[in-house]
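2 protein chains.
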Amino acid sequence: MSKTYNVAVVGVTGAVGQTTLKLLAERNFPVASLKVFASQRSAGKKVTFRGEELIIEAVGPDSFEGIDIALFSAGSEQSREYAPRAVKAGAVVVDKSSAFRMEPDVPLVVPEINGAALAGHKGIVSCPNCTSIVTVMPLKPLHDAGTLRRVIATSYQAVSGAGVNGIADLEQEMRAWANGEAIKPTHFQHQIAFNVIPHIDSFAEDGYTGEETKLVNEVRKILDAPELPVSPTTVRVPVFTAHSIAVNAETETKVSVEQARRAFDAFPGLKVWDDPAQNRYPMPVEVEGKDDCYVGRIREDFSTANALNFWVVGDQLRKGAALNGIQIAEDMIKRGLI
Amino acid sequence: MSKTYNVAVVGVTGAVGQTTLKLLAERNFPVASLKVFASQRSAGKKVTFRGEELIIEAVGPDSFEGIDIALFSAGSEQSREYAPRAVKAGAVVVDKSSAFRMEPDVPLVVPEINGAALAGHKGIVSCPNCTSIVTVMPLKPLHDAGTLRRVIATSYQAVSGAGVNGIADLEQEMRAWANGEAIKPTHFQHQIAFNVIPHIDSFAEDGYTGEETKLVNEVRKILDAPELPVSPTTVRVPVFTAHSIAVNAETETKVSVEQARRAFDAFPGLKVWDDPAQNRYPMPVEVEGKDDCYVGRIREDFSTANALNFWVVGDQLRKGAALNGIQIAEDMIKRGLI
Numbered sequence: 001m002s003k004t005y006n007v008a009v010v011g012v013t014g015a016v017g018q019t020t021l022k023l024l025a026e027r028n029f030p031v032a033s034l035k036v037f038a039s040q041r042s043a044g045k046k047v048t049f050r051g052e053e054l055i056i057e058a059v060g061p062d063s064f065e066g067i068d069i070a071l072f073s074a075g076s077e078q079s080r081e082y083a084p085r086a087v088k089a090g091a092v093v094v095d096k097s098s099a100f101r102m103e104p105d106v107p108l109v110v111p112e113i114n115g116a117a118l119a120g121h122k123g124i125v126s127c128p129n130c131t132s133i134v135t136v137m138p139l140k141p142l143h144d145a146g147t148l149r150r151v152i153a154t155s156y157q158a159v160s161g162a163g164v165n166g167i168a169d170l171e172q173e174m175r176a177w178a179n180g181e182a183i184k185p186t187h188f189q190h191q192i193a194f195n196v197i198p199h200i201d202s203f204a205e206d207g208y209t210g211e212e213t214k215l216v217n218e219v220r221k222i223l224d225a226p227e228l229p230v231s232p233t234t235v236r237v238p239v240f241t242a243h244s245i246a247v248n249a250e251t252e253t254k255v256s257v258e259q260a261r262r263a264f265d266a267f268p269g270l271k272v273w274d275d276p277a278q279n280r281y282p283m284p285v286e287v288e289g290k291d292d293c294y295v296g297r298i299r300e301d302f303s304t305a306n307a308l309n310f311w312v313v314g315d316q317l318r319k320g321a322a323l324n325g326i327q328i329a330e331d332m333i334k335r336g337l338i
Numbered sequence: 001m002s003k004t005y006n007v008a009v010v011g012v013t014g015a016v017g018q019t020t021l022k023l024l025a026e027r028n029f030p031v032a033s034l035k036v037f038a039s040q041r042s043a044g045k046k047v048t049f050r051g052e053e054l055i056i057e058a059v060g061p062d063s064f065e066g067i068d069i070a071l072f073s074a075g076s077e078q079s080r081e082y083a084p085r086a087v088k089a090g091a092v093v094v095d096k097s098s099a100f101r102m103e104p105d106v107p108l109v110v111p112e113i114n115g116a117a118l119a120g121h122k123g124i125v126s127c128p129n130c131t132s133i134v135t136v137m138p139l140k141p142l143h144d145a146g147t148l149r150r151v152i153a154t155s156y157q158a159v160s161g162a163g164v165n166g167i168a169d170l171e172q173e174m175r176a177w178a179n180g181e182a183i184k185p186t187h188f189q190h191q192i193a194f195n196v197i198p199h200i201d202s203f204a205e206d207g208y209t210g211e212e213t214k215l216v217n218e219v220r221k222i223l224d225a226p227e228l229p230v231s232p233t234t235v236r237v238p239v240f241t242a243h244s245i246a247v248n249a250e251t252e253t254k255v256s257v258e259q260a261r262r263a264f265d266a267f268p269g270l271k272v273w274d275d276p277a278q279n280r281y282p283m284p285v286e287v288e289g290k291d292d293c294y295v296g297r298i299r300e301d302f303s304t305a306n307a308l309n310f311w312v313v314g315d316q317l318r319k320g321a322a323l324n325g326i327q328i329a330e331d332m333i334k335r336g337l338i
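Order-wise, the sequence lines are chains A and B. Following our numbering, the numbering of the first sequence begins with 1 at its first residue and continues without gaps. Following our numbering, the numbering of the second sequence begins with 1 at its first residue and continues without gaps.
Any given hint could turn out to be false.
As the list claims (entries may be wrong) - Away from chain B, derived, C-beta distances all over 10 Å, residues of chain A:
1. A25
2. P104
3. T233
4. G269
5. K271
6. E330
To be verified - Below 27 Å or equal to it, Euclidean Cα-Cα: the simulated DSSO-like pairs (lysine-lysine) are:
7. B/K334 - A/K184
8. A/K290 - B/K184
9. A/K3 - A/K122
10. B/K290 - B/K334
11. A/K334 - A/K88
12. B/K334 - B/K88
For the record, the hints were derived by calculation from the structure and aren't laboratory data. Just so you know, these numbers come straight off a predicted model, no measurement behind them. No residue lacks a Cβ here, since even glycine has one placed at the ideal position from N, Cα and C.
Using the sequences provided together with the hints, build the complete structure.
What follows is the structure, given as structure tokens:
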């Protein structure tokens, strides 16, 4: 019998936590036992895993005794407080918050790209931001093919990237509209129904949002290209699930559209949907619920030398968060790191 | 008494035609008489102008006798057939279709930018594509300040850019969703509710859409910069009215964020909404119904020298179409060209 593991999911009531639970079952993750944690508010409520009811516990200092793998998606504050305790108790933590991502001794991993970095872990491995993951997936094969020189990324991000409250906000605003009532935002800064909001996370002095700065820093760290010039614009759109990113990428050596298409297609976790004649290109409603990221609209950028435009879409709850987290754990098991 | 004109609106039942009618009244355009035309299908129906009922006529070869100014927004086919007849009958045609835009002897005009080009008209003046207008409005002051070197434009386009059918499609899809019914697109290639579609107009061999190629060619013609490198991505989003464009612009000489802000603010028809601390930036739901275009998120692009990122939003039925058309006519009157 192959080895199984005691697993904890922290933040199980969130959008990413719920997807994590679904994927642990879907992928037959080698679970020996599963503990599910959330805030005090959800303690005592139940979730179902493989047909079995599990009672949600409030996370606390002693929650991680005997846990081998702790999958955190409860936000940075909870991660800062409890991830070190989980490590102390002997668990490996896969953290989906931004708390530790830029710490030099914490690997920031997309397994298809830099799984090798897992070897250097000190107990915590960070999962990148959802937009960073979806953007970096096609960048890696392009980087390998022609060495990236500059990247301009412009996003169309789904409300579930902001968690269950984001989903609820879009839903209730749309129902209000359908009922002829006034639209009142409850979660986002502004109405998201029939709108786009060029503001995700908080603003810094330089005019960029946290989401935009994360994209720059995380793409650099994942690709191990610390100086790569990246220019980001991140925007919320009224889509439930799956982030889309319009990418403009310049390379040191020319990569033709055909070469890029082949490189994308050969890359694990990436698929090419690019058949304009058949109106075939990736879109959120078709990518929602899928594990892979999808690339289309691949075309030469005639405005400069050695540049391509393309469009990538990924389910940010899956590959952008929960799936990538589980893939990190699977990769660590395969590498004998857990 | 100042001069008044016999005006015809061709395509009065469309989204742009309806807005044209509204704006002629709103702006007290010097109308002596108004004729309203549409296809045979709408003939006999009525529209209201300044409290008066007008009967819609089917456009035909003899529709333009005695007309001074004909405002066309009935699509390229109708423009190709009837605009030359209107000119022959003595009218000046302001055409909002793409039919004549790239013809060398047809001025393509945004009055704030290149009204002087009107002097060369031979009877037809073209109004640029809605996305081109909203994009070029902030580009002009930036071009004047530092000479544009390269532009990357990524759009978030409202459904009313596709006319009344686009509006109806989003509405009925959203109502179906609210009623728990299946969503079936009637106008767009795919579902637009809760989705984004990276496809506007038809695809060419090079992988770009007609909308994208229009943006490149029209921005160059309006700015009189025939070689300006422009890299476009155009995307439909579930917004009713107002297009948003994320613009990355490189200039020959450095333009600071402060200089750009001042240049934008001083430019007629352009306003700066850029106060991150107050969550203030342009968005479609706030710009809908406004005449000006609004710029925000102005920030230095740290990925290359002399580049800025910014975000511009404009009501594409107003400044992007109907308003710009009427402004062309007003400018021609002022210049003594009509």
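Hint by hint, here is what the structure shows:
1. A25: Check passes; 26 Å lies beyond 10 Å.
2. P104: The claim holds: A/P104 sits with its nearest Cβ about 22 Å from chain B, beyond 10 Å.
3. T233: violated, 4 Å
4. G269: Holds, because the least Cβ-Cβ distance between A/G269 and chain B comes to about 21 Å, which exceeds 10 Å.
5. K271: holds, 16 Å
6. E330: A/E330 is indeed farther than 10 Å from all Cβ atoms of chain B, at 31 Å.
7. B/K334 - A/K184: Roughly 45 Å separates the two Cα atoms, so the pair is violated.
8. A/K290 - B/K184: holds, 21 Å
9. A/K3 - A/K122: Holds, because 22 Å separates the two Cα atoms, which is no more than 27 Å.
10. B/K290 - B/K334: holds, 23 Å
11. A/K334 - A/K88: holds, 23 Å
12. B/K334 - B/K88: holds, 23 Å
Going down the numbered hints, you'll see the structure goes against 3, 7, while the others check out.
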